[in-house]
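S.K.: In case you want the letters, here they are:
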Amino acid sequence: MAELKALTALGGYEPRVDEFAGLIIREVTDRALASLAARLGSEADCAAAAKGLLGAVLPEPATWVAGGDFTAWWMGPDQWMIDADYASHTLLAAELKSVVGGAGSVTEQTDGWCRFDLEGSSCFDVLERLCQLDLRSGTAGDAQRTALEHVGCFLLCREPGRHYSLLGPRSSAGSLHHALMTAAGSVL
Amino acid sequence: MIINHPILGPRDAQEFTYLGDASLIERPDPQAENADETFHDYVYLRDNPAGEHQELWYHEQGDRSWLVVTRNTLTHEITDVQLARDAARARGRSK
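Going down the list, the protein sequences come from chains W and D. Using my numbering, you'd call the opening residue of the first sequence number 1 and step up by one each time. Using my numbering, you'd call the opening residue of the second sequence number 189 and step up by one each time.
Since the hints were derived computationally from the structure, they do not count as laboratory data. Among the clues, some could well be false.
Only part of the chain D face toward chain W is listed, based on derived beta-carbon distances under 10 Å [stated by the list, open to error]: (1) His228; (2) Gly250; (3) Arg279.
For the chain W half of the interface with chain D, some residues (derived, Cβ under 10 Å), not all of them [as the list claims (entries may be wrong)]: (4) Phe20; (5) Ala56; (6) Val57; (7) Pro61; (8) Trp74; (9) Gly76; (10) Thr139; (11) Ala140; (12) Gly141; (13) Arg145; (14) Thr146; (15) His150.
A virtual CB, placed ideally from N, CA and C, is assigned to each residue, including glycine.
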């Protein structure tokens, strides 16, 4: 069998890390993703089943929650994204589907997205040049979808001003990374 | 222009795309006897009011929900925003 080696969204063998004074941009590749949409009329069953798996109630609009191995954020009315460690939850979509059954529709999302984590004291300065969200009044637990470099992205606030996760379409990873590098370069 | 999203609060109009008159919700019955006539009207005939207008907007760079926005075409004042699925159900559409 040929030795296959996975490439990251940016095309490298290892996740890319870029360091600036006051900001670290890390490519994150070890997450499994699946989306969950509650089916019409089964919203309560879907929420109860998901709570059993996550150990937390599915998040309210524009927020994310962490429960056990999982992170979940609100994507739209009756829709959520579920995130877990890739190594221990490689088949996340199947796992989720076996829990929610006919009450929800599950879609594998792992390879559809790229993720960059921003950490450091300059997050506000960099992100406010890139998107329209009012991040300075945001709190930990916010999860918003917005346009960044004309690309629809999710932005999760882990610690206001210091730690954010940005998820965008994998095929736009290069453009998003370029936008982040350009904004960071102009600020720092 | 700011659209006051019913779930997410005020969001910039740049995040939205515009579809058109909210009467598009009232899709006629394709099995009806006069379907060709009603579909002609549905597809081609629009009111073009100078004043209050109900229209469909899509929150493309947000939560991907469809909205029914009541906007004054003269002043761009937005007086009401509803989720399109709620508006459609209120009109007896959908399930």
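S.K.: Could you run down the list of hints and mark each one as holding or not?
M.R.: Hint by hint, here is what the structure shows:
1. A cut of 10 Å between beta carbons decides the hint on D:His228: the least distance to chain W is about 31 Å, and the hint is violated.
2. For D:Gly250, the interface hint holds, since its Cβ comes within 10 Å of a Cβ in chain W; the closest pair sits about 5 Å apart.
3. Taken as an interface hint, D:Arg279 does not check out: its beta carbon lies about 17 Å from the nearest beta carbon of chain W, beyond 10 Å.
4. At its closest, the beta carbon of W:Phe20 sits 27 Å from a beta carbon of chain D; the interface hint therefore is violated under the 10 Å criterion.
5. The interface hint given for W:Ala56 is violated, since its Cβ lies 20 Å from the closest Cβ of chain D, which is over the 10 Å cut-off.
6. Interface hint status for W:Val57: violated, as the beta-carbon distance to the closest one in chain D is roughly 17 Å, over 10 Å.
7. Annotation: interface hint on W:Pro61 holds; nearest CB of chain D at approximately 5 Å, less than 10 Å.
8. At its closest, the beta carbon of W:Trp74 sits 8 Å from a beta carbon of chain D; the interface hint therefore holds under the 10 Å criterion.
9. With a cut of 10 Å, the hint placing W:Gly76 at the interface with chain D holds, because the nearest CB-to-CB distance is about 4 Å.
10. At about 14 Å, the closest approach between the beta carbon of W:Thr139 and any beta carbon in chain D exceeds 10 Å, and the interface hint on this residue is violated.
11. Interface restraint check: W:Ala140 against chain D, minimum CB-CB distance 18 Å, threshold 10 Å, status violated.
12. Against a cut-off of 10 Å between C-beta atoms, the interface hint on W:Gly141 is violated, since the closest Cβ of chain D lies about 15 Å away.
13. Among the interface hints, the one on W:Arg145 holds; its C-beta lies about 5 Å from the nearest C-beta in chain D, closer than the 10 Å criterion.
14. With a least beta-carbon distance of about 6 Å to chain D, the hint placing W:Thr146 at the interface is held under the 10 Å criterion.
15. At its closest, the beta carbon of W:His150 sits 9 Å from a beta carbon of chain D; the interface hint therefore holds under the 10 Å criterion.
The structure shown violates the earlier hints numbered 1, 3, 4, 5, 6, 10, 11, 12.
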